[in-house]
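Those protein sequences? They're chains X and E, same order as listed. Going by the working numbering, the first residue of the first sequence is number 130, and it counts up by one from there. Going by the working numbering, the first residue of the second sequence is number 14, and it counts up by one from there.
Mixed in with the good hints there might be a few duds.
Listed next, the in silico EDC-like pairs over lysine to aspartate or glutamate satisfying Cα-Cα at most 16 Å (straight line) [unchecked claim]:
| id | chain 1 | residue 1 | chain 2 | residue 2 |
| --- | --- | --- | --- | --- |
| 1 | X | Lys242 | E | Asp64 |
| 2 | E | Lys260 | E | Glu224 |
| 3 | X | Lys323 | X | Glu241 |
| 4 | X | Lys242 | X | Glu150 |
| 5 | X | Lys307 | E | Glu25 |
| 6 | X | Lys243 | E | Asp64 |
| 7 | X | Lys154 | E | Glu110 |
| 8 | X | Lys307 | E | Asp51 |
| 9 | E | Lys121 | X | Glu241 |
| 10 | X | Lys154 | E | Asp64 |
| 11 | X | Lys307 | E | Glu50 |
| 12 | X | Lys323 | E | Asp116 |
| 13 | E | Lys260 | E | Asp216 |
| 14 | X | Lys323 | E | Asp64 |
Derived from the structure by calculation, the hints contain no laboratory data.
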Amino acid sequence: MIRQSHRLPGALPPRERELRETFLKQVELVPGGDRLSRCLQCGTCTGSCPVSYAMDLSPRMMIALFRAGMIEEILHSRSIWICASCYMCTTRCPQQIKITDLLYALKRVAMEKKLYPDRFPVYLLSNSFVRLLYRYGRNHELLLLLRFQLRRDPLQLLRMLPLGWAMYRRGRLALWPKRIHGVSAIRQMIDAAKTLELPREAAPLEFVPGAIGYRAVGQLPEKAV
Amino acid sequence: MEYLYYPGCSLEGAARQYDESLRAVFQALGVGLRPLEDWNCCGATIYMSVDETTSLAVSARNLALAGRDGQRDLIAPCSACYTVLLKTNRYLSESPELRQKVDALLAKAGLSYRLNVTVRHPLDVLVNDVGIERIAAAASRRLDGLRVAPYYGCQIVRPERGFDHSEFPETMDRLFRALGAEPVYYPVKTRCCGGMLMTTFRDVALDLVRELLSCAVENGAECIVTTCPMCQVNLELYQDQVNQAFKTSYRVPVLFFTQLLGLALGCEEKSLGLQRNLIPFQLGVATA
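Pulled out of the complex, with its shape left as it was, chain E reads as follows (with noise of 0.2 Å):
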């Protein structure tokens, strides 16, 4: 089983520990990940507000890379990154204008796409091709009685139903309960972070953030688990402005998936880029 892997800017930099224990986890399993080689940005929610065709031609770039790779699956563990790929495909097999415009920009790069790539989330390989029952087979060590709020952030269920349902997924909660974590009631869990909106209207997004701290630490989670660069970020970097702005005292870990995960599969914690996180996280250890 091996996967094209197209990491996103975002793991290059201030979520590398995102790409750390996703290439821990998928060697633990004995899944292999091959980097697209040179991958661009895939324009993220930004350039779509500039310019249309721009923006999926700079997206169907990464696609056409990796169709004449030949292999189908390419896997993007970014929110953004996933959404703006699997709309790009969209795009271009609803409008034969769009179509036609993409492939003459991709042209221009020497470049053709022929719509063969399949967009996939880690998420969805882990649970849905790996399956749970042999990730519970290799794990090494139990979660047992960890309560962790499972949050799916909005771009990874919608715009379409894709792996999981628009509002309600389960995946990581049927995940991470077959590892012994306790799920709990987290009914904000692809409720918006406020993405972009950190740097351009924070007030909004703070209190967006504030929300779903409240709701995983009144519902009793010792960790917030996430899939995005984006929501990890605004949710563990900005924790202490929500505090200063509600005069509240959330000391809430946020981890991706991968780490935790990895920690099961018996995954060294520095391999998983846990020393990399702003609020420590260690289990065994409750920090709520």
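Just chain X, same shape as in the assembly (with noise of 0.2 Å):
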């Protein structure tokens, strides 16, 4: 599963940089995201998580493989995927490392460079549901599951017609989405988001060429915590 490297000791390919680069500017982003570097191996996170039987990669495993230089088997991986964020293992960390937030960076991270397979249901249920908040500015429930079971398996909203008609028949299934007035200024925050550049205080990443391994995790910003 994990990809044996024969990369000379020291050096991080190329690829394997980019990813970082771009993973650790996720985690600036997050507050508290430095104390990543404060993780113990200890497995607390693994033994909470409801879900890591059905991983590939434990929460303790990504950490220790980000460590060793080879964050691009966790951005391939299932696991980031599997997580629901029910944050049991960030409440339950005893050095307070935000695992659940970093989990969401490394899917940003993926989702940004586009390291999932076709027709991948995270991806199409996101992009329905970016895509229903611009147009309306709320979720619609109907719409969402039409658009991605259309995207994802058509022949599925056969099988999901018998649940969808017991919730119509309750009330529970709205029909209609409801726009919002300030929809145009929701358009307009979406849209500027994306060429948003500040000027940024700290100095750039620095990535000593040859820092793998625990050396690596030295270039985390320092911040006070």
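With the hints in hand, could you dock these two chains into one complex?
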């Protein structure tokens, strides 16, 4: 499962360096994200996670792999998508590492770099959701599911009919979406976010060529916690 | 006493009875609930995995609208909305850089946010502001002997310890005990229901739901009482699929805590949306 690379000791391949840089930029935007470097590898996160049994890499392994300069393996794993963000690991971590938020950061990197298979359900669902929000300002359950299933597997819609009917009969399935008044304001915000660049106070992350393994952790900017 | 109310998208759809029963309960207790004008989706758990700054800005628009209103407390009944709005407040107060970005985006919408809104869950408001004694005094009907499994779901008590313990909360247990019900031993009370995994990785979510159902049934619960639209749908709508997948025969009613509370307060069943539940529940009739 874990790729054995034949890299020279101490050198990060360009791809790894690029992904690592993207991830560390995301980590900077997570308040308390830099506590990642405090991991003791105790495994409390994995033991607490209700879905770690279904993961190919456990949360503890993900941190270990990141330290070893193998972020690409993490980004290609099924694990980052299995997290349902229940925050149990974050609550229990003895080092107060924001594991759930860091998993969100990993998801964002994987989304940005399109590191998922074709017709990947999580991508299809997120994409449908984001579009609905842009269009109406709110989510609409029926349109979300329709849009998702049509792109994922239209036949499933037939299987879901009885459930939909049961909900509809009880008035729990709104047929028409509501568009909020401020939808144009929301669209402006979302559009502006794409090009938003503020002057950065922090110096760009420094990548020491040859720094992998535990030394690479030092690349995380130290912030007062 | 009056609160600003942020229903959230689910309460206009699959969790309509949550909206109905919440309003009925607040009315019965004489507590004002004023909907926030023109609120938008909070971004749920999904937007955060696409873009952080945008998701914070979208969610902050609601807080900015509430802040402009002048009311300090904003009630968010949906666990996802509650967590996202709380998280937005926390991120904006902890990171000046994010604050700057979100301010710039809100300005595009003609808004500004001064971090002056407190996000509250209705369970917290009912138990800690209104008070259990006042609720018990207003109750016209006892829930005597009703064995309930109090299911809090994961997001109203995490990631930070909010109004109750993050793994073994007692707020709902205390509330229903005061009304005569018997909360059963329910150690999975804050375990994850799978959330959106029901759509993306169904086999994993069904397994999680099975665990929640079996724990309730084995401990003798007649119904599960929850605080979250996502949990309610996963536990109720997908109960048949759990039965199919694991060859079980669960048929446990899953109520919103406001529905059961409304019954104790003597609200009409229709005003609590009880007819909308897929697995019928009647007080005084053991169904388990």
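Is the straight-line distance between the alpha-carbon of X/Lys154 and that of E/Glu110 16 Å or less?
13 Å, holds
Hinted pair, alpha-carbon criterion (16 Å max): E/Lys260, E/Glu224. Please report holds or violated.
13 Å, holds
Tell me if the straight-line CA distance from X/Lys242 to X/Glu150 falls inside 16 Å.
Between X/Lys242 and X/Glu150 the Cα gap is close to 12 Å, so the pair holds against 16 Å.
Between the alpha carbons of X/Lys323 and X/Glu241, is the straight-line distance 16 Å or under?
Holds, because 12 Å separates the two Cα atoms, which is no more than 16 Å.
For the pair we were handed, E/Lys260 and E/Asp216, check the Cα-Cα distance against 16 Å.
Holds - the C-alpha atoms of E/Asp216 and E/Lys260 are around 14 Å apart, at most 16 Å.
Taking only the CA atoms, is the gap from E/Lys121 to X/Glu241 under or equal to 16 Å?
25 Å, violated
Given the hint that X/Lys242 pairs with E/Asp64, does the C-alpha gap stay at or below 16 Å?
Status holds; Cα separation ~13 Å.
Are the Cα atoms of X/Lys243 and E/Asp64 separated by 16 Å or less?
14 Å, holds
Is X/Lys323 close enough to E/Asp116, meaning Cα to Cα at most 16 Å?
The given pair, whose Cα atoms are some 15 Å apart, holds under the 16 Å limit.
Could you grab the alpha-carbon distance between X/Lys307 and E/Asp51 and see if it respects the 16 Å cut-off?
Distance of about 11 Å is within 16 Å: holds.
Assess, step by step, whether the Cα of X/Lys307 is no farther than 16 Å from the Cα of E/Glu50, and give holds or violated.
Distance of about 14 Å is within 16 Å: holds.
Keeping to a limit of 16 Å between CA atoms, is the pair of X/Lys307 and E/Glu25 held or broken?
10 Å, holds
In this structure, only the earlier hint numbered 9 is contradicted, and the remaining ones agree with it.
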